[in-house]
Amino acid sequence: MIRDEEQHGSATPEAAGLLCVYSAGADGRIYLSIDQAGVVRAFNGHVDLGTGIRTSLAQIVAEELDVPFSHVEMILGDTRTGPDQGATIASETIQVAAIPLRQASATARAYLIDKAAAHLDAPRDRIILDEGVIRGSEGENWNIPIGDLVAGENIRLEIDPEASVKPVSSYRLVGSSRPRVDIPAKATGKWTYVHDVRIPGMLHGRVVRPPYAGFDHGDHVGNSLIAVDEASVAHIDGLVAVVAIGDFVGVVATREENAAEAARSLKVDWRPAPHQPDLNSPENALRANPATPRKLADRGNVDLALAASPQPMDRTYVWPYQMHASIGPSCAVADYRDGQLTVWSGTQNPFPMRRDLALLLDIPEDLIVVERLEAAGCYGRNCADDVTADAALLSRAVGAPVRVQLTREQEHAWEPKGAAQVMDVRGGLDLEGGPAAYDFQTRYPSNLAPTLPLILTGKVPPVAEVLQMGDRTAIPPYAYGNLRVTVHDMPPIARASWFRGVSAMPNTFAHECYVDELAAAAGVDPIEYRLRYLHDPRAVDLVRAVAERSKWVPHTTHGTLGGEGDLLYGRGFAYAVYVHGKFPGTAAAWAAWVADVAVNKKTGEVAVTKVICGQDSGLMINPDGVRHQIHGNIIQSTSRVLKEKVDFSSTAVTSKEWGGYSLITFPEVPDIDVLMIPRQDEPPLGVGESASVPSAAAIANAVYDATGIRFRELPFTPEKILAGLNGDEPIRTQTASRKRWWRNLGLSVAGSVAALSGLATMASPWRPAIPSIERPGSDVYSAATIERGRLASAAGACNVCHVGNDGTPFAGGRRFDTPFGAVYATNITPDVENGIGGWSYTAFERAMREGVSRDGHHLYPAHPYTSFAGADDADLQALYAYLTTQQPVAQRAPETRLKFPYSFRPMMAGWNAMFHKAEPFKYDASRDSQWNRGAYLVETLGHCSACHTDRNALGAEKRGAAHLSGGFADGWEAPALNAVAKGPVGWTEDAFFDYLRKGHSNQHGSAAGPMADVVKAMQPLPDSDIRAIANYLASLNADAAPDKAEAQREAALAASNAAKTEAARISPRGERIFNGACASCHGDDKILSSLALNSNLHANTPDNLLQALLTGVEAPAILAQTTGREAPEVMSMPSFRQTFDQRQLEDLAAYVRARFAPDKPAWDDFAAAMQRVNAAPH
Amino acid sequence: MVAIPMQINVNGEARSIEADPKTPLLYILRNDLALNGPKYGCGLGECGACAILVDGRAVRSCTIPLSAIGDRQVVTLEGLASGEELHPVQRAFIEEAAAQCGYCLNGMIIATAALVAAKVNAGEADIREALRHHLCRCGTHMEILAAARRAVRYAQSERQAIATPEAEKQA
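Just so you know, the sequences run in chain order A and B.
If you're matching positions, the first sequence starts at 1 in my numbering and goes up one per residue.
If you're matching positions, the second sequence starts at 10001 in my numbering and goes up one per residue.
Be aware that one or more of the hints could be misleading.
[As the list claims (entries may be wrong)] Pairs of lysine to aspartate or glutamate residues, derived as DMTMM-like cross-links and limited to a Cα-Cα distance of at most 25 Å, are as follows: (1) B:K10119 - A:D1084; (2) A:K1060 - B:E10124; (3) B:K10022 - A:D872; (4) A:K1016 - B:D10071; (5) A:K610 - B:E10096; (6) A:K295 - A:D314; (7) B:K10119 - A:E668; (8) A:K190 - B:E10013; (9) A:K958 - A:D872; (10) A:K190 - B:E10078; (11) A:K982 - A:D1164; (12) A:K1086 - B:E10129; (13) A:K115 - A:D84.
[As the list claims (entries may be wrong)] Sample of chain A residues facing chain B (criterion: CB under 10 Å; computed from the structure): (14) G52; (15) A185; (16) A325; (17) R712; (18) E713; (19) H916.
[Claimed, not checked] Here chain A is said to cover these stretches of chain B; the calculated rule only asks that three of the stretch's residues, wherever they fall, bring their Cβ under 8 Å from a Cβ of chain A: (20) 10030-10041; (21) 10052-10065; (22) 10154-10160.
Derived by calculation from the structure, the hints in this document are not laboratory data.
We treat Cβ as the ideally placed atom computed from N, Cα and C, and that holds for glycine.
All chains, full assembly: derive it from the sequences and hints.
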């Protein structure tokens, strides 16, 4: 395993020369050790979730022990020896979990001083412990490193709760900022996260989750698997196992990419997921969720006061489902051997998780070792425990260590969400403008989210436990005389668990918005109003300090900051103390916000421009660390308030990546001014969450200040703000549909049958077989002939269709879905049995020109003999020579079996009589040789029309104006190659050349889908041939000229730029998906050409867009490698098939259409396009 | 999926690989070459955690098929330093403590390194734009921005240090 020992050393208390401090009792756990080298190892049951507690805890130890900071190494969450301090939650590491550690340090210090005193025979008060060395207080020449006092002995101490700790006034290390100990290794790639653990013999696993994504209770949970088809992945190299236990399904392979491929390809039958209540607008679902009211406070007479209020104000505030959204999907390694388990895990809860693993595997806890390593930051319970249990199950199944990496989609879909919450306030003003009463009710559907594999495998029944977690900061901070606070304890709906700020953040959203509403109704400045009812002196100090720091100008109405242009400015205030733990709970740091916003009244966008945040954290161990936590809380919570909401279908979570669940980006980050109240003489308070808590109310109050409108449901997306400002809903434009040829096919089949039957008698349906021959020898042809054949094959892109499914050239077997049924490309290698090895040239030529196979059966025109018919003899002969000298492949392609009546091949004779003219290509003497060469290649060998020309009901290419005016191929639209083309920029010769040669034209974009394969197949052709093709095709676009094209290009870019706002208005969700998922490559000023130039965005249907999204686009990368084109793009477009659902695709398509083809009508009948694209093979 | 032997150039060394050419480069770097700098974040080219430099440009290794690399120069976080001497961008990030969990740090450093190499006078808007599609969930943005500004200053003074002796020579 590759790991830094210094990162995760472990103490061996039995070794010689060691002082250890344990908790009391025979089964005490180690908290501290000092070895003879003076190295201090300190143990804490909590883990570092990215907050830097590793550094702060080390400061506390070094301070209390008086040793150099660099001598202290923290070991966090070690289940073998370290203390069990429960889960790392509620910002309580410093406030709670550090206390015994400090006491252990004081115990050791006292012992060392006593020992030194005895050793030196000096009074105790003369002994000084300084920087890990014993010295004398009066300049004595003592110089004993503490390691020397330990050497040769094994000393076991128990934590002395009475050991005197240092007074704060003598602190040197605590209270000063120390650089984080982990960052240098992290900045150089040397840190070992759990994702980086490698152990010998380690295999790679992936899991396949059930369709009820993000829901963890109900009878269907653990009972939905019908069957797993192992054969569907049998072909994958290095596949080790497919494991299914209940609804737990996983695969194991030797290489990660193969495990990933197996998980994607594995066919699993599931029962359909049951319908869930609508959680996109969660209010109704939460009100309908069964609940038990629990009264937390009842003072005064609320009902009487409400009845007497001259100005009653009843308000409801709604918080959406949100997610932790760890940047790294969870990962773990497990090694189960001989009934013992070791896991390498990023868990927040090493000890509770060990209990879960013992239950899952039916082994005693003490046979399980949890090695806790850092993972991507989590802000509550993500999938870290789930994936550890996944890895344990897979390792047990294969008897080898297995690393499991969840996918982004799985982490998004399954992580226990931060629950939605509904807060009702009944209240109002009394006659003096004071608060008449405050009747607060809150609903928070969450529990601790049982570890997923326990439920999937049926080890734990899928029953939703009810926990009392909705009460955090449920008591408002203001001295309301008539107060009633009720928490409706309820089970989760979607899978949920604690998330930063837990229920306190939504509860505070309500408390702090409501008090702002009271102030406005009373005509009093909002801060002044709060201070009238806020009696906690530290809170009052904080509020005043923040008001002063922000230069708060008291005001009694909204709108005092005015605006400019489309912008309205506003400023809002909120205050909270985060109360965590079991009610009545423990208060962490106090925090107060002033938020400045700019609201764009035209687009609805809210920009948080500045946040002034004050925090009273008590004693700050590491002030820089505290400041970073405050920054982090401000930015993350601003993101949550402005942008974040989990989307659901009727059965599952659909937000599965960063487009469907957007986070704040760098350009949106506000200026931040942090005010840290100096309270070094007060006990330290948790700082991990506090600064998040006032965020939503401060921003909501600022938006009110700007607009005069109260927004009481998060997030503040542009469409929500716009709807509030305008009182209307975002519009979806609709336009008429245009029909396409093959959609009409159903109607015309009867007619076509009749036509075909009649025609069948007209021509000669039976053709003779041509006798098979000995396979021609490879020395029959000259190298020049074979080379010419190779180029003919390139021009014809033969291998695009005839490639074997495993990539073997010319082996055949590719399936093409036509309106008449599936057609399979044949094996055209010189194998006698399965290919064309027994074909004479006569037979070959007949197949190429007339569409008749050697044995006399008719070929379908999916083989474009209608084009090949015109090819020069010399080309066909050379092609024959080339193909018959290739490697024979003894592999039979599947036989094409069309539906009746098309299965009756002799009918093709009639078809040929109607549609096929077997005649040589006619050169045009009025054109130059380049044009003629291009025309020849396009119209014969290149058979461009086979895809780029529409076909009639009988599957024949239309003629006349329809020729090269666009068609369909392989589920993709093949756009028009002539002036009918839909793109905004005319196709010039240079553009055609670039596109066909390099797969990319900067005036149009990149080749994708089947065309990418064609470009690749044409690579052997000389530039002169590509240039000739370009010349001919450009002649079909008479209007296109270089300067005109450049002007068109600029106009298209300008139009697209101008359409941004409108496109966002038309499809706000689509805009978010585009920005989160697409813009990293397709954004402004990226290396790829703008989508505004891409003909697929301008096409009549979204088929090609959907194809690209669902199958991905590999072409640019392939071409980059081989051609070194001007835009050195090496990235491919990934497939989003398992990422986006139909609604997301539709939203995205609506946005990109409106943004990049603003002059075109919106696409309609999206469902039909989805159906077409899904029906195409993939 | 057919594994074939290939050679790629990573951190200045030719490395032999045997893998399916379609394999995302990220897996090759991490699993075959044991380079932990690039991180798996989304596999969709969205978040930037897997960023690397290819011929000096910051790209996302999760969406690069192995076959696309050819003889281009790949540099990962591990390849930025010259020997014991850290890359100035790494120094800037360490000095500004620009990490909380640090999982996104690889992408932030790589993107900043590409930026300062391409635009020595990068301003605040350039920095924010260069980092726009790099996601950080811990909210380390303030420290990352400070680090990027510091990195720009380092790049400028380095450029001056190089330019000055040359100017002297010319004079």
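Consistency of the hints with the structure:
no. : hint               : in the structure
1   : B:K10119 - A:D1084 : holds (17 Å)
2   : A:K1060 - B:E10124 : holds (24 Å)
3   : B:K10022 - A:D872  : violated (38 Å)
4   : A:K1016 - B:D10071 : holds (19 Å)
5   : A:K610 - B:E10096  : holds (21 Å)
6   : A:K295 - A:D314    : holds (19 Å)
7   : B:K10119 - A:E668  : holds (22 Å)
8   : A:K190 - B:E10013  : holds (19 Å)
9   : A:K958 - A:D872    : holds (24 Å)
10  : A:K190 - B:E10078  : holds (8 Å)
11  : A:K982 - A:D1164   : holds (17 Å)
12  : A:K1086 - B:E10129 : holds (11 Å)
13  : A:K115 - A:D84     : violated (30 Å)
14  : G52                : holds (7 Å)
15  : A185               : holds (9 Å)
16  : A325               : holds (5 Å)
17  : R712               : violated (25 Å)
18  : E713               : violated (23 Å)
19  : H916               : violated (39 Å)
20  : 10030-10041        : holds (count 9)
21  : 10052-10065        : holds (count 9)
22  : 10154-10160        : violated (count 0)
Checked against the numbered hints above, the structure violates hints 3, 13, 17, 18, 19, 22; every other hint is satisfied.
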